[in-house]
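With the hints as constraints, model all of the structure from the sequences given.
Numbering (the numbering used here), first residue to last: 17 to 386.
Hints may contain errors.
[As the list claims (entries may be wrong)] Pairwise CB distance ranges (calculated):
1) 94 x 250: 42 to 50 Å
2) 372 x 266: 33 to 41 Å
3) 116 x 178: 48 to 56 Å
4) 138 x 308: 50 to 58 Å
5) 329 x 92: 24 to 32 Å
6) 270 x 308: 29 to 37 Å
7) 68 x 136: 26 to 34 Å
8) 263 x 328: 22 to 30 Å
9) 24 x 242: 54 to 62 Å
10) 304 x 77: 55 to 63 Å
11) 303 x 264: 20 to 28 Å
12) 114 x 253: 41 to 49 Å
These aren't lab readings, by the way, just hints derived from the structure by calculation.
Glycine included, C-beta positions come from ideal geometry on N, C-alpha and C.
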Amino acid sequence: MEALSALIFPILTLIRKELLAIFKDPANRIVLFAPAFVQTLLFGYAASFDLTNVPYAVLDQSHSAASSELLARLDGTGVFRREATLANANQIAQVIDEQRALMVIAIPADFAESLAAGRRAPVQLILDGRNSTTAGSASGYVASVVAAFNAARGGGPGLELVRRAWFNPNLESRWQIVPAMVATLSMLQTLLLAALSVAREREQGTFDQLLVTPLTPLQILVGKSVPSIVVGMLQSTIVLLISLFWFDIPMSGSVWLLYLGLLGFTGASVGIGMSLSSVALNMQQAMLYTFLIIMPLTLLSGLITPVRNMPEVLQVATYANPLRFGVDLVRRVYLEGAGITDIYHDFIPMFVIAALTLPLAAWLFRHRLA
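So this is what it looks like as structure tokens:
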């Protein structure tokens with residue numbers, strides 16, 4: 017018994033010492049519990065596949081009691097929100113391209129007559145295929161409404177739903193995810209590389225020597241940022257080539273416009289990484305800060321679940337996330353063939369983030385030294 021106690025007691029003492037070392041440091045307590053708390057909330061609210069707010073437009077050429085009943089059933093679900101009532105078919109492209117509506121329901125002029133005659137009455141459902149997951153879920157919701165509509169009319173041929181997806185005809189999830197990876201995959205490496213750039217010099221003791229050279233903090237910032245931007249653009253190019261030639265996902269837009277957007281996105285990412293690097297005392301801290309923020313940035317980007325389905329407070333928070341606008345820009349240029357007038361609103365937040373974070377990093381260079 018004494019031998020067993022002599023063996024166990026030192027182990028328990030060591031365990032106690034390690035636990036005290038872990039929990040005594042306030043920074044450790046924050047790192048241990050804050051990320052789990054924040055990320056659980058983000059997964060619960062932001063990464064939800066439940067549809068709660070689906071904007072749609074309707075082209076009702078029938079103007080009959082039957083079409084009004086169908087639309088009333090759709091509005092009564094609490095999931096669909098009518099964004100626009102169209103006057104003609106030429107307006108369909110506009111509401112889809114501008115992302116004002118996730119789907120458009122087109123009801124033909126002979127809809128009521130076909131139902132009354134016992135024939136199939138086709139109704140076209142046009143979906144925005146840039147987010148195939150959401151479009152597929154919305155299509156399923158509409159199909160359930162159509163089934164209830166047909167059941168209420170006593171069965172028979174009834175209403176027939178004809179689906180058509182724009183920008184992703186087969187609603188393949190690969191078409192949604194892989195182009196978005198052009199921005200997403202490069203961000204992690206770009207953030208990490210930028211975050212380590214100054215932290216590495218600080219840890220090695222060479223950063224103070226760099227600051228006493230004739231170079232200004234702005235010049236140091238540019239010298240540190242440009243390599244990270246170049247690496248980020250190269251990584252985006254690799255993913256783009258894989259998307260085009262390995263997965264055979266056709267690109268509809270301008271390569272030059274895509275790279276202009278990626279340049280703004282990478283600049284904003286580097287600005288965030290350089291700011292993290294300026295406050296980190298060593299490389300371990302820089303890596304920790306990077307991995308702490310990359311998960312929230314990804315969850316709040318709209319990569320998998322649309323931003324419009326998130327709570328309003330999280331939707332506001334996404335404006336500080338360059339990945340939200342990078343993913344939207346790449347998808348619209350790649351799949352939709354959008355022009356500069358269609359995506360200029362994605363450039364503005366990215367340039368604002370870069371304009372704030374890069375000077376902040378330059379100021380922090382001197383501030384942290386002092």
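Results for each hint:
Restraint check, residue 94 to residue 250: a C-beta distance of roughly 47 Å satisfies the suggested window 42 to 50 Å. Hint check: residue 372 to residue 266, Cβ distance near 37 Å, so the stated range 33 to 41 Å holds. In this structure the hint that residue 116 and residue 178 lie 48 to 56 Å apart at CB is violated, the actual value being about 22 Å. Distance hint for residue 138 and residue 308: a CB-CB separation of about 52 Å, consistent with the stated range 50 to 58 Å.
Hint check: residue 329 to residue 92, Cβ distance near 28 Å, so the stated range 24 to 32 Å holds. Checked against the hint of 29 to 37 Å, the C-beta distance between residue 270 and residue 308 comes to roughly 36 Å, which is consistent with it. At about 32 Å, the CB distance of residue 68 to residue 136 agrees with the hint of 26 to 34 Å. In this structure the hint that residue 263 and residue 328 lie 22 to 30 Å apart at CB is violated, the actual value being about 35 Å.
In this structure the hint that residue 24 and residue 242 lie 54 to 62 Å apart at CB holds, the actual value being about 58 Å. As the Cβ distance of residue 304 to residue 77 is approximately 59 Å, the hint placing it in 55 to 63 Å holds. For the pair residue 303 and residue 264, the beta carbons lie near 36 Å from each other, so the given range of 20 to 28 Å is not met. The given range of 41 to 49 Å is broken by residue 114 and residue 253, whose C-beta atoms sit roughly 29 Å from each other.
Hint check: violations occur at hints 3, 8, 11 and 12; the rest are consistent with the structure.
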